[in-house]
Every structure is written in structure tokens, then in C-alpha cells.
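There are 2 protein chains.
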Amino acid sequence: MDERAALALLSDELAAAGDDAAVVDGLVVTTDMLHDRTDFPAGTTRYTAGWRAVGASLSDVAAMGAPATAAVAAYAAPTFDRDELLAFVRGASDVCERVDTEYVGGDLDGHDEFTVSTTAIGRTDDPVPRSGARPGDVVCVTGTLGRSAAALRLFDRGRTDRANDLFRFEPRIAAGQGLAPHATAMMDSSDGLARSLHQLAEASDCGFAIESDRVPIDDAVREVADDGEALELATTFGEDFELVATLPEEALSAVRDATDVPLAAIGSVREAGDGVTMDGEALADRGYTHG
Amino acid sequence: MDERAALALLSDELAAAGDDAAVVDGLVVTTDMLHDRTDFPAGTTRYTAGWRAVGASLSDVAAMGAPATAAVAAYAAPTFDRDELLAFVRGASDVCERVDTEYVGGDLDGHDEFTVSTTAIGRTDDPVPRSGARPGDVVCVTGTLGRSAAALRLFDRGRTDRANDLFRFEPRIAAGQGLAPHATAMMDSSDGLARSLHQLAEASDCGFAIESDRVPIDDAVREVADDGEALELATTFGEDFELVATLPEEALSAVRDATDVPLAAIGSVREAGDGVTMDGEALADRGYTHG
Chain G
1 MDERAALALL SDELAAAGDD AAVVDGLVVT TDMLHDRTDF PAGTTRYTAG WRAVGASLSD
61 VAAMGAPATA AVAAYAAPTF DRDELLAFVR GASDVCERVD TEYVGGDLDG HDEFTVSTTA
121 IGRTDDPVPR SGARPGDVVC VTGTLGRSAA ALRLFDRGRT DRANDLFRFE PRIAAGQGLA
181 PHATAMMDSS DGLARSLHQL AEASDCGFAI ESDRVPIDDA VREVADDGEA LELATTFGED
241 FELVATLPEE ALSAVRDATD VPLAAIGSVR EAGDGVTMDG EALADRGYTH G
Chain Y
1 MDERAALALL SDELAAAGDD AAVVDGLVVT TDMLHDRTDF PAGTTRYTAG WRAVGASLSD
61 VAAMGAPATA AVAAYAAPTF DRDELLAFVR GASDVCERVD TEYVGGDLDG HDEFTVSTTA
121 IGRTDDPVPR SGARPGDVVC VTGTLGRSAA ALRLFDRGRT DRANDLFRFE PRIAAGQGLA
181 PHATAMMDSS DGLARSLHQL AEASDCGFAI ESDRVPIDDA VREVADDGEA LELATTFGED
241 FELVATLPEE ALSAVRDATD VPLAAIGSVR EAGDGVTMDG EALADRGYTH G
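Protein chains in written order, with full-length UniProt numbering: chain G, 1 to 291; chain Y, 1 to 291.
Everything labelled a hint here was simulated from the structure, so no lab data went into it.
The model shown is predicted, which means the values in this text are computed figures rather than measured ones.
Even for Gly, the Cβ is constructed at its ideal location relative to N, Cα and C.
Among the hints, erroneous ones may be present.
Only some residues are given here: those of chain Y computed to face chain G with a beta carbon under 8 Å [what the hints assert, rightly or not]:
#	residue
1	Met-1
2	Leu-7
3	Val-24
4	Thr-31
5	His-35
6	Val-72
7	Asp-109
8	Glu-113
9	Ser-117
10	Ile-121
Here are a few chain Y residues that sit away from chain G, every Cβ distance over 12 Å (derived from the structure) [stated by the list, open to error]:
#	residue
11	Arg-4
12	Asp-25
13	Arg-37
14	Arg-82
15	Glu-84
16	Gly-105
17	Pro-248
18	Leu-252
So here's chain G without its partners, still in its complex pose:
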């Protein structure tokens, strides 16, 4: 059973599972595990690892439209180096501070491979699900896409400082709250835009029509991409932590006023039978399958 099949099995088993985060009595909870081999390329600093790991969980809280209350991390490594550990904690603390959340520590574990497990907690009485998109809604993306794709190429090329900068991101906690009052469906883009749209389409029983020239491709992608490859990297690579949301078109300007980041309207929600398309062609359900 691959990870997607396993997640589907769990979703059937657990009533609260199946969205970016679980919600119980207004408490929003999400947990993620990341590890060296698949998530932290050579050159990733422990500061960046702490920031990114905790940020990934905060992004799931953002995707529910909730403010974050606290985050914790379990840090597992073969040895505990003082400087590495402090750098990790500072990265974790700094990303929390960026979104007015408290990093409250966690657990340490001896482990052959550097592995981090993070949990973030938020609170909302009105979470935004993946399931409410309606034909006619506009579909929006916060910020820009492709930063992580660009970062990986830069890690490969030894440009680790710039790659680390790109690998850290601002969790869209504030934007999530700005979107929440109007959003009909929302999730984060960690599996890539294409896969996220397919997941929203499945949860909401709808289709999407995306216009490629409105997809906000990060400038860093154009720096590293081969000719004609930028759009592909920005839409399918994933591991970015932007929000993908649907909302009534008439709410767009109010939402833009209420959010602190650019919000690109990239297309519209269609009937399920219309499928997920980009420039009128079927957009494949391809993206990052988390390892």
C-alpha cells in the first residue's frame, strides 16, 4: 500500500482525519514527520530545518483558517550537537514568532537518521474545509509558487545560502484568517498546485479551469528553470506552503484588503464533469507524494 492509499484508509477510519488538520471542539491539530533523506537536502541548515518543519505544521493550521496557538517538535538525530540543536530550536522559535505563535519545545530521541516530527495547534469555531467549493467561485493562490523547486536546484548547485533562504517560508496564518470568512474551500499547496486542485475537486465534487498565465511563478524558478519548464515546476513540484482557496468572485476585493500577501486569482470552479484543466487542457494529477 503506498502512502496515498494508506492515508485514504485512515481517512475512512477516523472521522476527524482527511483535511489539512483535524478539528475537535474548535481545537485544530496537525502533525507531520520529516526526515533527512527525503525532506532536507544536503546543505539544509538546522536553523532552516527547524523553521521549515514547524512551518509545515503551521501551514496546515493556516489552511483551516485558524490562528495558531502553539507548536512542538520532536528532534531525533544520531548525536546531539549543541550548536545544531540550538540552531534548530531558534529556527522553530523564529517561524512561530513570525506568526505570533509560541514554540514550546518537544522531545529528543536518538535515531540513525535526522528526523523531525512537529505538531501545531490552533483554534477556530469555523474551520474552512476542502469540500465547499462551488461552480462559479474564483480560485486563488497566496504568494508565489515554486520556491522549494528552485531551492532544491540551488542546493544541488552548491548555492546553499540562497537555497536555505528559499527553503524557509512564511506560514500563511494571517492570510488564512483573512480568507476564512469568505473561502468556500481551502488547503495548502504542499503537494503542488496540480495535486491540490485535484484534491479540492474530489472533496468538493467540482472541476477547475486554470489559466496558466495567472499562476504566480516565483522569480527564483525562472532563475533556475530550463526553457519552458518554469510553469511545470511551479504547478507540480510542490513542497511550497501557499494557500489554495475558492471564494465567491464578489468577495475577492474584500479578501485582498484583509490579507497581507498578494492573492492571485488563477481561474474558476467548474462542474465536476468539466474536470481539472489548464488553458483548456486536462491538468494531470501529478505532484509531490510525501515520502
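Given the coordinates of chain G, assemble chain Y onto it according to the supplied hints.
Frame of chain G, contents of chain Y only:
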């Protein structure tokens, strides 16, 4: 740097760390990572692993005197076997149900070694710290000690059914709430009774005088122990999840009425200069160092 030194470093770095769980605005949060090599002996079922991993985090919430609200787990394994995954989830769900908490799922991750990271969340406006024990208080332990020590011997001997039974435990959420109104200090016994007493002594700046014949040794320990070894196993092996609490002696009968498990009064709190003793002899700070 070993794990204890690393934890001390983190405790200096993070205001909310250093107790069984962090408390932020009444929200109690704790996370733990367990893995195959050090935490799940051969023969441990995935049902038991799910129960035990989630239970360990619930025990930390119990040690703060709080009810638990929700728990999550990240499950990492080389492959996702349907039956193993479902068994894990059922173990996790069942231990939550036992303490009126909701298991809300988590994350999956491909990993060379079976690894579980769990987080439990509770809520209390009046957490019980490790630091309030006062000379003259009585020191108590819930339930019995040594179940995990006995379980490990039984796993070694191939008696896996009995060992799995002993390896699952009831998190002392209800007892923790019964103790909380009167307890001056509390923690769980996961590092073993001896080490827990030393940690309470350090946090509260006190000593302890323990009477060995009042230590509640689990019957299973006597089944597996060599002559004269039972007390040692029960006091230093650890990996049990009972509560160790101090409280004024006059509160003892009220607390016993309010808790659902036996509460053994095993000694008294002394001045710091008296040290930590058992039957008048120094009790070494030995126990389980979590790997």
C-alpha cells in the same frame, strides 16, 4: 552531548519546557518520539505500539493534572501494511477512548525504521508543576511499578501475549485530576521511580525519604524477577507510566476518595540537605535514559 544534557540545554532556551508537558494559556501540549530499536521489543504488536505511544503522551498530560482533549500520531515505517496500520490506529484510538479523549489521526512517513511520534493536548488553568514539593508532604505513587520491566523479560522469553498486555497501560488522566487540587508537585514515572524522585527533588529543592516496603511492586515483577531483584526493577527500570506526586498528609484521604486507582504513600518529602534516600540509604539517580 547526551540526551539529558541536551534536554537541560533546551530547558534553558525555552520558557515553557522542562516539565512533563508545556502549558501555554491553559493549553497543555506534549510530544514524544518512540522507535523500534529502543522502544518496541520484538513481539510488540502494532496495536500495543499504538496504545503505548499515544498513552505515553497522555501520561504527560495526566502529570500536569489536566484532562486530555485530543491526541495525534505520526506513523513512519518502511512499508504500509494495511493490517498493521489499522491495528496501530485501533490501539491509539482505544487508549484515547479509555481516558475520554479523541484520537484524531496524524501523518504517515516512509522510514527505514518503524518510528512513531505522538502529541497529546489537554487543558487546565491550574497545572501541577514539578517544583512545589514541601518538606513534610507525603509522596505517593499511583498503581503499581515494574510492569514494563516485567514485560521486557516476557518478550525475551517469547511470552508475547502476556508481555503485550503488560506493555499497554491506562494513562492516569483521571487520577491526575483527582490529585491535582492537592498535589504540590507531580510527574510521571516514565524514567523510573528513583530518577523521578531525583528530578522532583531538583525542581522542588527538597529531599525524599522512601520506605522500600511501601513501594507498590507489580505482581508481574515477582513472576519474572530473580531473588531480591524485584525492588530494583520496580524502582529503577522505568518506562512505567504511573504518577509520582507530593501532597500534604492531611489531604491523602480526600485524594484517595477522588482517584480511581490505588495510591501508595511511599515516604515523605525532606529538606534538600537530607538527599533522596530509601530505608535511610542514599537512593542513586539511576533509571531509564530515553534513547
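For Y:Leu-252, which was marked as not at the interface, is the minimum beta-carbon distance to chain G over 12 Å? holds (33 Å)
Checking a non-interface call: every C-beta of chain G should be farther than 12 Å from the C-beta of Y:Arg-82. Is that right? Nearest chain G Cβ is 6 Å from Y:Arg-82, so the label is violated.
Per the CB criterion, is Y:Glu-113 less than 8 Å away from chain G? Holds: closest Cβ of chain G sits about 7 Å from Y:Glu-113, inside 8 Å.
Interface-negative label, Y:Glu-84 against chain G, beta-carbon threshold 12 Å: violated (10 Å)
Quick one: work out the minimum CB distance from Y:Arg-4 to chain G and report holds if it exceeds 12 Å, violated otherwise. violated (9 Å)
When you look at the beta carbon of Y:Pro-248, is every beta carbon of chain G farther off than 12 Å? Answer for Y:Pro-248: holds, closest chain G Cβ roughly 30 Å.
Less than 8 Å between beta-carbons is the criterion; does Y:Val-24 satisfy it with respect to chain G? This interface hint holds because 5 Å falls under the 8 Å limit.
Does the no-contact call for Y:Gly-105 survive, Cβ to all of chain G over 12 Å? violated (3 Å)
Have a go at the Y:His-35 hint: is there a Cβ in chain G nearer than 8 Å to its own Cβ? holds (6 Å)
Y:Asp-109 as an interface hint toward chain G, with CB separation required under 8 Å: holds (4 Å)
Does the nearest C-beta of chain G fall within a distance shorter than 8 Å of the C-beta of Y:Leu-7? holds (6 Å)
Less than 8 Å between beta-carbons is the criterion; does Y:Thr-31 satisfy it with respect to chain G? Check passed: Cβ of Y:Thr-31 comes within 4 Å of chain G, closer than 8 Å.
Hint compliance for this structure: hints 11, 12, 13, 14, 15, 16 are broken, all remaining hints hold.
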